[in-house]
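Asker: Now for the letters of each chain:
2 protein chains.
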Amino acid sequence: MIKARVTVTLKNGVLDPQGKAIEGALGALGFDGIGQVRQGKVFDLTIETADREKAEADLKAMCEKLLANTVIENYTIALD
Amino acid sequence: MIKARVTVTLKNGVLDPQGKAIEGALGALGFDGIGQVRQGKVFDLTIETADREKAEADLKAMCEKLLANTVIENYTIALD
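Chains as they are written, first to last, in the numbering used here: chain A, 5 to 84; chain B, 5 to 84.
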């Protein structure tokens with residue numbers, strides 16, 4: 005069994021209203037010096053195989069097909 | 005300026021309907037051997053300070069107050 009973490013983040017230049025809202029909320033809570041906040045998603049998956057290369061190829065396909073919108077998002081894959 | 009990444013994930017035992025939906029969707033797309041999928045959030049922040057200890061303490065306070073619901077979520081903080 006392989007554990008993997010896929011992290012999906014917005015590409016630079018893509019507007020992130022959710023991140024902007026968090027920036028504002030942190031300021032309102034009294035935290036100063038907050039530069040920029042960008043929000044992304046993380047997926048923790050377990051895959052029932054021992055073949056790390058196949059797992060990585062599968063994960064890449066999953067990202068391209070479902071987990072990330074590659075027009076506006078980047079993804080990184082980390083195997084445990 | 006310090007870059008930080010906060011990762012917020014559901015605690016074990018907390019139901020994750022979004023993760024379950026992704027599991028189902030990956031199965032429907034023909035990916036087999038998917039064990040479990042859990043979805044979480046990631047926040048990329050920049051903080052305008054050079055004091056790493058203060059930044060880490062601030063980030064912990066931000067997680068406790070805003071970024072994570074500590075009843076059902078865990079968080080990890082990573083400084084660049």
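Treat the hints with caution; some may be incorrect.
Chain copies aren't distinguished; within one or between two, either way the pair holds.
[Stated by the list, open to error] Cut-off 25 angstroms, straight-line C-alpha distance, at most; resulting in silico cross-link-like pairs (DMTMM-like, lysine to aspartate or glutamate):
id, residue 1, residue 2
1, Lys58, Glu68
2, Lys15, Asp55
3, Lys64, Asp48
4, Lys24, Asp36
5, Lys7, Asp20
6, Lys24, Asp84
7, Lys7, Glu60
No lab work stands behind these hints, which were simulated from the structure alone.
Asker: Between copies, within a copy, both or neither: which fits Lys15 and Asp55 at Cα up to 25 angstroms?
Answerer: So Lys15 and Asp55 fail the 25 angstroms test inside a copy (30 angstroms) and across (28 angstroms) alike.
Asker: Check Lys64 against Asp48 for me: Cα-Cα at most 25 angstroms, and say if that holds within a copy, between copies, both or neither.
Answerer: both (14 angstroms within a copy, 22 angstroms between copies)
Asker: Which holds for Lys7 with Glu60 at a C-alpha limit of 25 angstroms: within a copy, between copies, both or neither?
Answerer: within (11 angstroms within a copy, 28 angstroms between copies)
Asker: Is it within a copy, between copies, both, or neither that the alpha carbon of Lys24 lies no farther than 25 angstroms from that of Asp36?
Answerer: Within one copy only: 15 angstroms inside a chain, 38 angstroms across chains, cut-off 25 angstroms.
Asker: From the Cα coordinates, with 25 angstroms as the cut-off, is the pair Lys7 and Asp20 best called within, between, both, or neither?
Answerer: between (29 angstroms within a copy, 17 angstroms between copies)
Asker: Go through the copies and call it for Lys58 and Glu68: within, between, both or neither, with a Cα cutoff of 25 angstroms.
Answerer: within (15 angstroms within a copy, 39 angstroms between copies)
Asker: When no copy is specified for Lys24 and Asp84, does a C-alpha distance of 25 angstroms or less occur within a copy, between copies, both, or neither?
Answerer: between (32 angstroms within a copy, 21 angstroms between copies)
This entry does not satisfy hint 2, going by the numbered hints stated previously; all others are met.
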